[in-house]
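Position in the sequence shown counted from 1, then plus 62, gives you this note's numbering.
Since the hints were derived computationally from the structure, they do not count as laboratory data. Just so you know, even glycine gets a beta-carbon here, dropped at the ideal spot from N, CA and C. Warning: the hint list may mix true and false statements.
[Claimed, not checked] Cβ pair distances, simulated, as ranges:
| hint | residue 1 | residue 2 | range |
| --- | --- | --- | --- |
| 1 | 566 | 260 | 53 to 59 Å |
| 2 | 260 | 575 | 37 to 43 Å |
| 3 | 138 | 608 | 28 to 34 Å |
| 4 | 137 | 567 | 15 to 21 Å |
| 5 | 137 | 575 | 33 to 39 Å |
| 6 | 207 | 387 | 26 to 32 Å |
| 7 | 370 | 574 | 49 to 55 Å |
| 8 | 358 | 471 | 32 to 38 Å |
| 9 | 575 | 159 | 52 to 58 Å |
| 10 | 137 | 387 | 16 to 22 Å |
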Amino acid sequence: MLFAAVGAIAAACGSELADPTPVITDGTDGGTQPVVDGGVRDATTEDASEVDGGSGGKCDTHCSADLLSVVDCKNQLVMMCPPGQGCGANGCMPACEAAVQAKSSIGCEYYAVAPDIIADAKGACFAAYLTNAWNQPITIQVERAGTTLPDNIAYLPQGSGQSITYQALPNGQLMPGQVAVVFLSGSPSAPIGRCPAGVNVGYPQDPSVNQTGIGDAFHITTSAPVVAYDIFPFGGGNAAATSATLLLPTGVWDTNYIAVDAYAQSQLVSNAAPSMDIVASVDNTHVTIVPTVAIVGGGGVSAAPAKQPVVYTLNKGQYLQISQPAELIGSVIEADQPVGHWGGASCLNIPANVAACDSAHQQIPPLKALGHEYVAVRYRNRFDGKEESPPWRVVGAVDGTVLSYDPAPPKDAPLALERGEFFEFRASGPFTVKSQDDTHPFYMAAFMTGCAETNPDQSDCRGDPEFVNVIPPQQYRSSYTFFTDPTYPETNLILVRGKGTGQGQFEDVSLDCAGTITGWAPVGAAGDYEYARLDLVTGNFKGQNGCDNGIHTIKSNGMFGLTVWGWGSAASGSSFGCSGSVCGGLYSQAVSYAYPAGAGVWAINQVTVPTTSP
Numbered sequence: 063m064l065f066a067a068v069g070a071i072a073a074a075c076g077s078e079l080a081d082p083t084p085v086i087t088d089g090t091d092g093g094t095q096p097v098v099d100g101g102v103r104d105a106t107t108e109d110a111s112e113v114d115g116g117s118g119g120k121c122d123t124h125c126s127a128d129l130l131s132v133v134d135c136k137n138q139l140v141m142m143c144p145p146g147q148g149c150g151a152n153g154c155m156p157a158c159e160a161a162v163q164a165k166s167s168i169g170c171e172y173y174a175v176a177p178d179i180i181a182d183a184k185g186a187c188f189a190a191y192l193t194n195a196w197n198q199p200i201t202i203q204v205e206r207a208g209t210t211l212p213d214n215i216a217y218l219p220q221g222s223g224q225s226i227t228y229q230a231l232p233n234g235q236l237m238p239g240q241v242a243v244v245f246l247s248g249s250p251s252a253p254i255g256r257c258p259a260g261v262n263v264g265y266p267q268d269p270s271v272n273q274t275g276i277g278d279a280f281h282i283t284t285s286a287p288v289v290a291y292d293i294f295p296f297g298g299g300n301a302a303a304t305s306a307t308l309l310l311p312t313g314v315w316d317t318n319y320i321a322v323d324a325y326a327q328s329q330l331v332s333n334a335a336p337s338m339d340i341v342a343s344v345d346n347t348h349v350t351i352v353p354t355v356a357i358v359g360g361g362g363v364s365a366a367p368a369k370q371p372v373v374y375t376l377n378k379g380q381y382l383q384i385s386q387p388a389e390l391i392g393s394v395i396e397a398d399q400p401v402g403h404w405g406g407a408s409c410l411n412i413p414a415n416v417a418a419c420d421s422a423h424q425q426i427p428p429l430k431a432l433g434h435e436y437v438a439v440r441y442r443n444r445f446d447g448k449e450e451s452p453p454w455r456v457v458g459a460v461d462g463t464v465l466s467y468d469p470a471p472p473k474d475a476p477l478a479l480e481r482g483e484f485f486e487f488r489a490s491g492p493f494t495v496k497s498q499d500d501t502h503p504f505y506m507a508a509f510m511t512g513c514a515e516t517n518p519d520q521s522d523c524r525g526d527p528e529f530v531n532v533i534p535p536q537q538y539r540s541s542y543t544f545f546t547d548p549t550y551p552e553t554n555l556i557l558v559r560g561k562g563t564g565q566g567q568f569e570d571v572s573l574d575c576a577g578t579i580t581g582w583a584p585v586g587a588a589g590d591y592e593y594a595r596l597d598l599v600t601g602n603f604k605g606q607n608g609c610d611n612g613i614h615t616i617k618s619n620g621m622f623g624l625t626v627w628g629w630g631s632a633a634s635g636s637s638f639g640c641s642g643s644v645c646g647g648l649y650s651q652a653v654s655y656a657y658p659a660g661a662g663v664w665a666i667n668q669v670t671v672p673t674t675s676p
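I would like the entire structure built from these sequences, with the hints used as guidance.
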């Protein structure tokens, strides 16, 4: 059976599964995504393989939500792909190739960058979470600087909190529906955040670059599609400075980005700095940056003046890191080969003069994957009765971007953006913000503030600074398989759903442990979006809503976004640095993490921002 091009495939992806509705040939795929980027999402059967749709016309086929089969417009099975294959543009093909065509956060090849971090946490445990999104056992391989790391560094986490244990992968294989913690690096002499006792570590040293310089990323490949996150340092509250990110596979990397870092330089930690990283997957990759401020340089990286192009050359697996006091947010990045981009900070305080300090890193989507509309919903209040109003940031990609809000604009929120311009404002939310059209995309990030803002005496230091990408609705999925860290006693899910295209109604969302999600509330007055918050665990790792930390699946017939937030509190007991049975609990304070559970990474705009003048 031949296909012209598989339209729903860009909405399909084992772990963040596709909109299962049939392909619509008028420019949509039955969900919120337009058909874009070469038409790879307009799949129809041909000749005798066309199916009667019930009205005498053909019934378009598309990939199933899990990429394992071809289905018709009624979601009835047309063809199962053989073992090891998935649905792609030409029917069934090798699973990893199908995942590349899906253009989402599922994939078989990733890079992970050990973030810059202040000396207090140098050499701390750096780990990746890999969720098997396929229907067969998978193998995992990790390389760094051309050297293959040992194959015994992946473990199955068992239990949670103080009782967590780590089981080596049986026969070196990760089974369907399982998650592996891959211990990439960690020095046994790290001041804080050491890897758990008894586990094997791929690179038992500090792999990070100190401030500005060139480093080597970890190259992770799998035999079938996975969803990947990383976390640094690993290990909950005793890790002290944790941040995490959803990783984007190399198949969705691109050549054009608007640079993002985490936040302004700390006013409390003198050696902390905003940071950004650019990773190459091909030798002799030339990266041009037009910086918004001067690049200070150092560590083999040339200095450069503001607003003038500067070119850096990277080989496969290398990354360029620039950490300096002045933020490079809004700079233009252009490369002659696809690259990955991370934004972060070696330690950030939010606000910059409020304790405490955490590291930060997020892998940033390419320019063409940025939206022109975002729905902003923060984490729930960390303390009952203490309403929070955290910061949000928006970054312009093109001149003349006009913003509108629903409800009214928050205080200090911008009404317009120019290329490379960014604004920070606070809002309790929820709200939507959008530009005039998709030729004016922009980036948006959400933040958690330092624990001292909500608990000034820090007697119960719940959470700490973190930043996370806000996913535009056009990149929402209809299903996610995701993982919540079992070393954090507070886990809060943020869900946002939009109306479907059929009857214009909101579709139910069902979580494996909790069933159908309830408690939805409107975002603004337009009625286009609703949000819900759901706790998985609170207090001293106490399960909520029939749930616990670990691996989960959540699904809907419509498209929705999901962000995972985790933090600690005094309820889990113990004191900082204490370990073992004498501690009386697990210290989990002054730390947090967040990441989108998954996302589409399609080209939803056709904007290019060159580094040279027209």
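Taking the hints in turn, this is what the structure says about them:
Checking the proposed 53 to 59 Å range against residue 566 and residue 260 shows it holds: the Cβ atoms sit about 55 Å from each other. In this structure the supplied range 37 to 43 Å is violated for residue 260 paired with residue 575, their Cβ-Cβ distance being about 29 Å. In this structure, residue 138 and residue 608 meet the distance hint of 28 to 34 Å, their C-beta atoms being roughly 32 Å apart. Judged by the Cβ atoms, the range 15 to 21 Å given for residue 137 and residue 567 holds: they are separated by roughly 18 Å.
Taking 33 to 39 Å as the suggested C-beta distance range, the pair residue 137 and residue 575 does not conform, at roughly 25 Å. Remark: the range hint 26 to 32 Å for residue 207 to residue 387 is upheld by a beta-carbon distance near 29 Å. Checked against the hint of 49 to 55 Å, the pair residue 370 and residue 574 passes, with Cβ atoms roughly 53 Å apart. Evaluation of the 32 to 38 Å hint for residue 358 and residue 471 yields a pass: the beta carbon distance comes to about 35 Å.
Range check, residue 575 to residue 159: about 33 Å between beta-carbon atoms, so the 52 to 58 Å window is missed. With their beta carbons about 54 Å apart, residue 137 and residue 387 fall outside the hinted range of 16 to 22 Å.
Of the numbered hints given earlier, the model fails hints 2, 5, 9, 10; all others are met.
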